[in-house]
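Colleague: Sequence:
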Amino acid sequence: MTTQTNDPASAATVRALAAEVEAVSLQLPDVYRQVEAVQEVADAAQRGVVVLAEAIERLRAAGGSSETGSADDHSKPTPSWLTIDDPGAAAAALGELAEWLRTVYVRYSGAALGDCWLWHPDVVTELLALREAWISAYQGPRASAETVMDWHDRYRPGTVARVNAALGRCYLQQHLATGELSYSPARLSATEQVADIARWWATSHGDTAAPPPSPNVVAESAAARSTRSTY
1 MTTQTNDPAS AATVRALAAE VEAVSLQLPD VYRQVEAVQE VADAAQRGVV
51 VLAEAIERLR AAGGSSETGS ADDHSKPTPS WLTIDDPGAA AAALGELAEW
101 LRTVYVRYSG AALGDCWLWH PDVVTELLAL REAWISAYQG PRASAETVMD
151 WHDRYRPGTV ARVNAALGRC YLQQHLATGE LSYSPARLSA TEQVADIARW
201 WATSHGDTAA PPPSPNVVAE SAAARSTRST Y
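Numbers 1 to 231, taken from full-length UniProt numbering, label the letters of the sequence shown in order.
Hints in this document: simulated from the structure, not taken from any laboratory. Note that the structure is a prediction, hence the values are computed from the model and not measured. One or more hints might be untrue.
Unchecked claim - Pair ranges (Cβ atoms, derived):
no., residue 1, residue 2, range
1, Gly110, Glu192, 39 to 45 Å
2, Gly206, Gln173, 41 to 47 Å
3, Ala112, Gln173, 14 to 20 Å
4, Thr103, Asp153, 20 to 26 Å
5, Pro87, Thr147, 53 to 59 Å
6, Thr103, Ser214, 27 to 33 Å
7, Thr147, Ala223, 25 to 31 Å
8, Ser189, Glu99, 37 to 43 Å
The beta carbon of each residue, even a glycine, is placed where N, CA and C say it ideally should be.
Using the sequences provided together with the hints, build the complete structure.
Modeller: Structure follows, in structure tokens:
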């Protein structure tokens, strides 16, 4: 048998709960709208992240191409006249260099080249490097007014000074068959004592006396001085 309660407190509690449920029900449409709005914001943010990531990737790719250059952008290493061993490549490099020297290098004050510049491998090497730097500054993927001024302020003056010092008082006649510089192979003396000096330095770092020059090294040096003094 069901007993019906007439407790006023319980009835009031039930009415309060019913009122709260009704209030929540009335708020649900607003909550749904807010959830939809938040979802739209989240979707927009996600799309923005995707767009930003794509932009960063494009910038990274562009930066990489600027740093390394394409196959058409002088990405190959600067040739060194001291190590080149292909006659065809040597002729091409020297021909391009001569044309650049005529149209660019000698146009600057103080940059006149002596007649014997071709006979100085160190000078040719310096000039090849300067030409490559000029191409990068004026025509490379990062060419700008700043790179051009950097070439003028840093690279050109230093190269001109070294080239002028290397040529010095040399003149073309010294490279004739009977001239002082007709045959001047690169000379590195005392190589037979490399092991002696290496062992001494590694074990003492200068705290003991160095090995003296061997008789062969002394004789070689004397012969070289005698050859130079005949001119």
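Colleague: Would you mind marking each hint as holding or not holding in the structure?
Modeller: Now for the hints, and whether the structure bears them out:
no.: 1; hint: Gly110 to Glu192: 39 to 45 Å; verdict: holds, 43 Å
no.: 2; hint: Gly206 to Gln173: 41 to 47 Å; verdict: holds, 45 Å
no.: 3; hint: Ala112 to Gln173: 14 to 20 Å; verdict: holds, 18 Å
no.: 4; hint: Thr103 to Asp153: 20 to 26 Å; verdict: holds, 21 Å
no.: 5; hint: Pro87 to Thr147: 53 to 59 Å; verdict: violated, 33 Å
no.: 6; hint: Thr103 to Ser214: 27 to 33 Å; verdict: violated, 52 Å
no.: 7; hint: Thr147 to Ala223: 25 to 31 Å; verdict: violated, 49 Å
no.: 8; hint: Ser189 to Glu99: 37 to 43 Å; verdict: holds, 38 Å
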